[in-house]
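Please model the entire structure based on the sequences and the hints provided.
Here the protein sequences line up with chains A and B, keeping their order. Read the first sequence against our numbering and you will find it ends at 1202, with the numbers running on by one and no gaps. Read the second sequence against our numbering and you will find it ends at 1202, with the numbers running on by one and no gaps.
Heads up, none of these hints are tricks.
Given that identical chains are not distinguished, each listed pair holds provided it fits within a single copy or across any two copies.
Mimicking BS3-like on lysine-lysine, the simulated pairs with C-alpha atoms at most 25 Å apart in a straight line are:
id : residue 1 : residue 2
1  : Lys-918   : Lys-1111
2  : Lys-780   : Lys-1111
3  : Lys-991   : Lys-798
4  : Lys-879   : Lys-1174
5  : Lys-991   : Lys-799
6  : Lys-879   : Lys-1111
7  : Lys-918   : Lys-871
FYI, nobody ran anything at the bench for these hints, they're computed from the structure. All figures in this text were calculated on a predicted structure; none of them were measured in a lab.
2 protein chains.
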Amino acid sequence: MMRLTYANGKDEYELLGQLRDRGEAVDKKVSEAVAGIIGDVRARGDEALREYTARFDGYCPEDLEVSRDEINDALSSADPEYVQALLSAQENITEFHTRQKHQSFVDMKANGVILGQRVRGLHRVGLYVPGGTAAYPSSVLMNAIPAKIAGVGEIVMVTPPGRDGKPNPDILLAAAICGVDRVFLVGGAQAVAALAFGTGTVPRVDKIVGPGNIYVATAKKLLYGTVDIDMIAGPSEILVMADRSANPRYLAADLLSQAEHDPLASAILLTTDEEIARETIAELGRQKAALSREAIIDQSLSGYGAAIVCRSCSEMVELANLIAPEHLEVVCENPMEYVGKLDNAGSIFLGQYAPEPLGDYFAGPNHVLPTSGTARFFSPLSVDSFVKRSSFIYYTREALEEAKEDIVRIANSEGLSAHANSITVRFDEQAL
Amino acid sequence: MMRLTYANGKDEYELLGQLRDRGEAVDKKVSEAVAGIIGDVRARGDEALREYTARFDGYCPEDLEVSRDEINDALSSADPEYVQALLSAQENITEFHTRQKHQSFVDMKANGVILGQRVRGLHRVGLYVPGGTAAYPSSVLMNAIPAKIAGVGEIVMVTPPGRDGKPNPDILLAAAICGVDRVFLVGGAQAVAALAFGTGTVPRVDKIVGPGNIYVATAKKLLYGTVDIDMIAGPSEILVMADRSANPRYLAADLLSQAEHDPLASAILLTTDEEIARETIAELGRQKAALSREAIIDQSLSGYGAAIVCRSCSEMVELANLIAPEHLEVVCENPMEYVGKLDNAGSIFLGQYAPEPLGDYFAGPNHVLPTSGTARFFSPLSVDSFVKRSSFIYYTREALEEAKEDIVRIANSEGLSAHANSITVRFDEQAL
Chain A
771 MMRLTYANGK DEYELLGQLR DRGEAVDKKV SEAVAGIIGD VRARGDEALR EYTARFDGYC
831 PEDLEVSRDE INDALSSADP EYVQALLSAQ ENITEFHTRQ KHQSFVDMKA NGVILGQRVR
891 GLHRVGLYVP GGTAAYPSSV LMNAIPAKIA GVGEIVMVTP PGRDGKPNPD ILLAAAICGV
951 DRVFLVGGAQ AVAALAFGTG TVPRVDKIVG PGNIYVATAK KLLYGTVDID MIAGPSEILV
1011 MADRSANPRY LAADLLSQAE HDPLASAILL TTDEEIARET IAELGRQKAA LSREAIIDQS
1071 LSGYGAAIVC RSCSEMVELA NLIAPEHLEV VCENPMEYVG KLDNAGSIFL GQYAPEPLGD
1131 YFAGPNHVLP TSGTARFFSP LSVDSFVKRS SFIYYTREAL EEAKEDIVRI ANSEGLSAHA
1191 NSITVRFDEQ AL
Chain B
771 MMRLTYANGK DEYELLGQLR DRGEAVDKKV SEAVAGIIGD VRARGDEALR EYTARFDGYC
831 PEDLEVSRDE INDALSSADP EYVQALLSAQ ENITEFHTRQ KHQSFVDMKA NGVILGQRVR
891 GLHRVGLYVP GGTAAYPSSV LMNAIPAKIA GVGEIVMVTP PGRDGKPNPD ILLAAAICGV
951 DRVFLVGGAQ AVAALAFGTG TVPRVDKIVG PGNIYVATAK KLLYGTVDID MIAGPSEILV
1011 MADRSANPRY LAADLLSQAE HDPLASAILL TTDEEIARET IAELGRQKAA LSREAIIDQS
1071 LSGYGAAIVC RSCSEMVELA NLIAPEHLEV VCENPMEYVG KLDNAGSIFL GQYAPEPLGD
1131 YFAGPNHVLP TSGTARFFSP LSVDSFVKRS SFIYYTREAL EEAKEDIVRI ANSEGLSAHA
1191 NSITVRFDEQ AL
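See below:
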């Protein structure tokens, strides 16, 4: 069960070390195996892709691509209430992410100089969706919707075939709702390699997003640079800050919702009220018995869970900034006044009625968030994740002539005479 | 000297392969050496940092930090005309990058729901500046100015000591102009590791930017995730598109300005006019003799240079999009109409009077650009490179109740009953 400790400036650092180490695990054997698969798919294309699919998924479909009819069927045969739930989520996610979209800009100066930045969607993006019990339709929404808003030309989904050789119907449904363009029944490192290089069947993409197991994550890491990737996601985390106004039943439920993800998931409570800490721990025991993933919950709470009693709200804030959690709940009076103090968090949930699953599925902001303390410098997945920018410069002869002396001076200070020459050659018809 | 070829859909692919391979070189020996240095600096801090500095730079200053007086002296003792040149560049760079800055946003709905995205500068950023002949003051401007505009709290520069144990005065001058907060006389992989973990002397940073040799680049790559990095820069590139309106003297000068950077640098001319190709090649021979880095120019032009005669403007555009160059000059009539067609380029230079060095030093857009074809998915360094974002969500009881059914439905479809419980527990006082 979850431990109870008191903030003392020492135990928290130890806990922090434990959390960081979860994200840092690098398995040399996995790296070597994945590098082999990547090299093989690069060299032999579809032949290698089919061999690995048969070997790892137990079955390789004759046609690796899911037909448009099958995708449309997923939509027409689904439970209408479930479709409506996904459509409502889609509407909220679309509305929030549309606010993130940035325009190209241009500065046209009176002297004829034009400077600008063009922003446009990536040409083609690959979306990895795991199979089995980790097949989450919400992941499809959270990745595909910002890509669409960014103006991505084509979204290509890959997902491993199930044991029946078919795709997960909920995943196909989500793909149909979001307007995913093509779906291929391949998974693992071989699917990532196929997207990075292209094969006869699978088209090459510019960026690969979406969660996956250690093989998928390692393949993405190794191929970063050949292709862009979203981020290397570590195990999930929640940090809950609560003062005496909080309801321990709600706190426990929210901590459990994170703990059920994964034995390595982390759920931590910071509170200024020791009684709240004790009651929340008691509630955890009561509520978890009724949940479907109790064994996973027990492992994650005992391994990476803690209730830490703090001396003040500012100590809670300090610890939260130190931990830099993926999800941060502020269950305190006047929660809004904390936002400006919280420097490191992926997504912040404010008040009694913003449980973390609201953000996972429905509210609008993205659920693909930085983990393992990387909220110090990484940001949630966004429309910006799916665009590229180019700057452009137009100068007139007169404007360049005015800048000539300065540019030549800097070029010469750097010892780059050909840089200086490219300016002067335009004004000295006798030169060289 | 530069080769002359004709676009035929085959040679260009071969050339493309050669360009890509330059950026892909991974040296296993270097990786192992760098991993050793990183581990050592992490474990032993300043002690290891001093040992490596003495070993690799031949001298370890007693005080690793450059004093504020010394930085101020660099400004007061510099050539006033040179200072003015840097200040003019700073003004243009500041003006352009200020347009990139994005605000936090908030959506406050009529039902009391609040959704938002907070944007703020990173807490502390490390800026690597190489020593020796690759010490470029312009790099300091291009990295430090967007960081300042982003609201970065502290900029920490590291640069190796020169043979006299002192920093390069032009680098210190640029640091003073840009408001760099602290400067340390360390370089190489050991400096990158010190910034990533912090030592007794060097503070830990959230992101490391700036160019460096293979040891620096490898250290950044290995530490990505522990700290954020800008990008792994490959050798520099220019692609020039020219129609018959172009002046071969100017074209040659611009190609040379890129070729002088590095024996691996690439300078390619695409033109619809064979005569222009031939005259440009003749001009290259004429102009290079007067330049200071002729040996480097010869290597890069013969290794990675080419003049490719195309059958049409649209063939030039197609090839440019395929090559995805770092720098792209459009020296054609009506250059502006090409911008919307050019999908993959770091920075685009339009017309006869926008030579690439204008962008390196002066015009305003950033000169830190994606190389080796990565303009397909990467973007120039920008203010966005120095911010982090958090989303936030506030819901009322009524709004959550309205969303309840949808969220529970999605959670259950994903088999996550604790997610569903975190919603229902708030509305069913009897539950569990």
